[in-house]
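Taken in sequence, the protein lines are chains A and B. With my numbering applied, the first sequence has no gaps in its numbers, which climb one by one up to 332 at the end. With my numbering applied, the second sequence has no gaps in its numbers, which climb one by one up to 297 at the end.
Incorrect hints may appear among the rest.
[Stated by the list, open to error] Stretch-level coverage of chain B by chain A, calculated; a stretch enters the list once three of its residues show a Cβ under 8 Å from a Cβ in chain A:
id, stretch
1, 84-93
2, 238-247
3, 250-261
[To be verified] Among chain A residues calculated to face chain B with C-beta under 8 Å, some are:
id, residue
4, E80
5, A84
6, T85
7, A108
8, T111
9, T112
10, V114
11, R115
12, T116
13, A176
14, T180
15, A184
These are computed hints drawn from the structure, not numbers from a lab. Where is the CB? At the ideal position from N, CA and C, for every residue including glycine.
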Amino acid sequence: MNLTRTMAVTGAIGTLLLAGCSTDATSGSDTAASGDASSAAALTVGTAFYPLQFVAERVGGDDVTIETLISPGVEPHDSEISPATVRAMQTMDTVLYLSDFQPAIDAAVETTEVRTLDAHHIVDENSEAVAIHAEEAHEGHDHAEDDHDHEDAEDHDGHDHGSADPHFWQDPTLLAEYTTDVIAEFSELDPDNAAAYEERGQELITDLNDLDTAFTEGLATCERRDLYVGHEAFGYMALAYDLAQEGLSGIDPEAEPSPARVREVRDLVLETGATTIFTDSEVSASVADSLAEDAGVEVAVLDPLESVVDGDDYLGVMNRNLEALRTGLACS
Amino acid sequence: MSLLTDPIVQRMLLVAIMVGATAPIVGTYLVHRRMALLGDGIGHVALAGVAAGWLAGSWAGLAQKDALAIPGAIVFAITGAVVIERMRARGIAAADVIMAIMFYGGIASGVLLISMAGGSNANLMGYLFGSISTVSWDDVWVTVIMAVIILVIGLGLRPALFAVTHDQEFAFSTGLPVGALNMVVAVLSAVTITASMRVVGVLLVSGLMILPVAISQLITRSFSKTMTFAMVIGVVLCVTGVGITLFHNLQPGALIVVLGVLLYVVVASGVALLKKHRHRRDSAALRADLRDQEASA
């Protein structure tokens with residue numbers, strides 16, 4: 001066996017050298033792999049998904065180089081981070097992420113021991129209120145299958161550790177809270193530019209508070225307050241603006257809705273006289289479509305903002321969401 | 001930090017070499033028994049195990065609900081492999097049918113148990129699927145232990161295991177403990193898959209068990225040569241894949257598997273061309289012989 005082992009090791013070293021030689025020349029052009037893009041900017045910051053990237057860009061401006069760790073549009077648990085990105089993470093000043101949301105990022109953070117700014121405390125502080133609000137909303141829908149609803153609610157209670165709603169950015173004031181964290185983090189890492197971070201950060205907080213006001217006012221007087229969605233990514237929005245979210249499937253977009261749940265939601269839609277079922281752009285809308293057809297109502301897009309397409313930003317998408325909500329819920 | 005002195009890169013390469021060299025050992029036995037799809041399937045059975053472990057943990061009221069997730073995965077994977085082996089050995093159904101039943105059962109009960117346990121698919125996947133990009137030193141030690149077990153059992157028992165895999169009746173007649181040896185292969189596969197999918201991902205480990213063996217089979221004749229050459233191919237594929245993804249932002253698991261498939265296509269076409277050439281030469285020679293015979297007659 002000695003011969004084989006030697007062969008294997010020789011082959012390995014040979015290939016490694018080859019790989020090293022053939023790609024060395026191009027390594028400079030690969031931005032994600034090289035940490036040297038930070039020559040102009042003071043900080044290099046990694047971001048795990050879109051809303052965090054948005055905050056980093058707004059607060060950091062030209063003083064910060066932003067590296068996205070996972071390409072947008074990739075399902076969080078299918079994604080594998082490349083060794084190039086993991087290596088680059090070692091030289092990043094900090095990484096903005098949400099733990100327990102993207103397993104691949106959690107693993108990379110643990111491996112590289114990079115400094116991080118975890119948004120999880122915001123989820124911890126607010127997810128219980130979201131769950132309680134959702135429970136009340138379920139109970140509010142006084143229904144023949146009341147027992148079933150109770151059971152559901154208890155189930156949620158027992159396991160909220162595993163299924164806390166991560167989509168906190170659906171409430172602009174919570175994203176503003178995270179912005180405060182980001183200002184503090186950037187200022188600590190780069191005290192020279194602290195004033196600039198503070199100024200840009202406060203600008204963003206103002207924008208977010210304006211957005212919050214727009215939502216509060218825009219959704220103040222509506223004919224209906226029932227929000228029928230494909231997957232329950234809007235718990236924080238429902239809590240902040242007093243809507244009652246009813247989803248076909250739960251927080252997990254992959255779960256298949258049960259026929260019982262589809263029928264239940266259809267009955268609720270008919271009962272409450274809703275005119276619109278909201279579906280997010282990423283997840284297949286076929287169930288929502290067929291349900292809407294059955295109940296004779298419209299389908300509208302409500303973007304959960306886990307990623308955005310080029311040229312769009314958080315504020316733009318949230319304003320579109322607000323318009324869709326105002327139309328769908330007949331607000332004045 | 002220079003590339004080879006970076007501990008992260010060292011860990012990736014260590015794991016790449018160990019998995020690349022040892023997965024094909026287990027794979028050679030599986031390919032010979034026509035159970036090449038076992039790797040992918042065990043991943044699904046293990047998913048059910050994680051969900052069952054999670055559910056058991058929350059029933060037992062453990063503080064850490066996920067404490068039983070990994071033991072659950074290992075128990076389910078080994079049980080699955082053993083059941084497949086027993087049913088196959090008793091001739092209840094063909095191996096592929098039994099595997100299909102186990103795997104679809106695994107996915108389906110995984111999905112049901114996960115929703116009963118109140119977890120989401122996403123956080124359960126996190127337990128199961130690792131990536132070679134993010135291996136920790138603990139992962140390296142797990143891989144070392146696994147590699148040693150595979151090397152000792154897979155290579156040490158090779159003559160006996162080969163006899164059993166190749167011709168069971170003959171092996172039985174020579175007095176080998178056929179049932180026990182079959183079980184060794186089943187358990188060894190299950191442990192290899194569950195341990196390494198947590199480290200490098202199920203796609204990579206199941207691909208690495210089969211592709212190098214398939215390539216090696218094209219160009220080697222004997223069982224032991226096939227295995228040895230497959231180990232070399234496995235290491236080369238892994239190290240090349242990690243080497244490339246260190247510079248280009250690509251997913252290493254997927255890239256290594258694609259490299260393997262490309263190599264398979266290249267080798268298979270090469271072998272086919274060679275055979276055609278040889279065949280043409282042989283038949284030309286045959287025709288010439290015939291002509292000579294006719295002429296002389």
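Hints versus structure:
1. A count of 0 residues in the stretch 84-93 of chain B with a Cβ less than 8 Å from any Cβ of chain A is obtained; the coverage claim is therefore unmet, three being the minimum.
2. Evaluation of the coverage hint for the stretch 238-247 of chain B: fulfilled, as 8 residues show C-beta separations to chain A shorter than 8 Å, against a requirement of three.
3. As drawn, the stretch 250-261 of chain B meets chain A at 5 residues by the rule of a beta-carbon pair under 8 Å; at three or more, the given contact holds.
4. At its closest, the beta carbon of E80 of chain A sits 4 Å from a beta carbon of chain B; the interface hint therefore holds under the 8 Å criterion.
5. Because the smallest distance between the Cβ of A84 of chain A and any Cβ of chain B comes to about 5 Å, under 8 Å, the interface hint for this residue holds.
6. A cut of 8 Å between beta carbons decides the hint on T85 of chain A: the least distance to chain B is about 6 Å, and the hint holds.
7. Interface hint at A108 of chain A: satisfied, since its Cβ lies 5 Å from the closest Cβ of chain B, which is below the 8 Å cut-off.
8. The beta carbon of T111 of chain A comes within 4 Å of a beta carbon in chain B, closer than 8 Å, and the hint placing it at the interface holds.
9. Taking 8 Å as the C-beta cut-off, the interface hint given for T112 of chain A holds, the closest approach to chain B being about 7 Å.
10. At about 11 Å, the closest approach between the beta carbon of V114 of chain A and any beta carbon in chain B exceeds 8 Å, and the interface hint on this residue is violated.
11. A cut of 8 Å between beta carbons decides the hint on R115 of chain A: the least distance to chain B is about 16 Å, and the hint is violated.
12. Hint status for T116 of chain A: violated, given a least beta-carbon distance of 14 Å to chain B, over 8 Å.
13. Below 8 Å, beta-carbon pairs count as interface contacts, and A176 of chain A has none with chain B, the closest being about 26 Å; its hint is therefore violated.
14. Among the interface hints, the one on T180 of chain A is violated; its C-beta lies about 28 Å from the nearest C-beta in chain B, farther than the 8 Å criterion.
15. Proximity of A184 of chain A to chain B is violated relative to the hint, the smallest CB-CB distance being about 28 Å (cut-off 8 Å).
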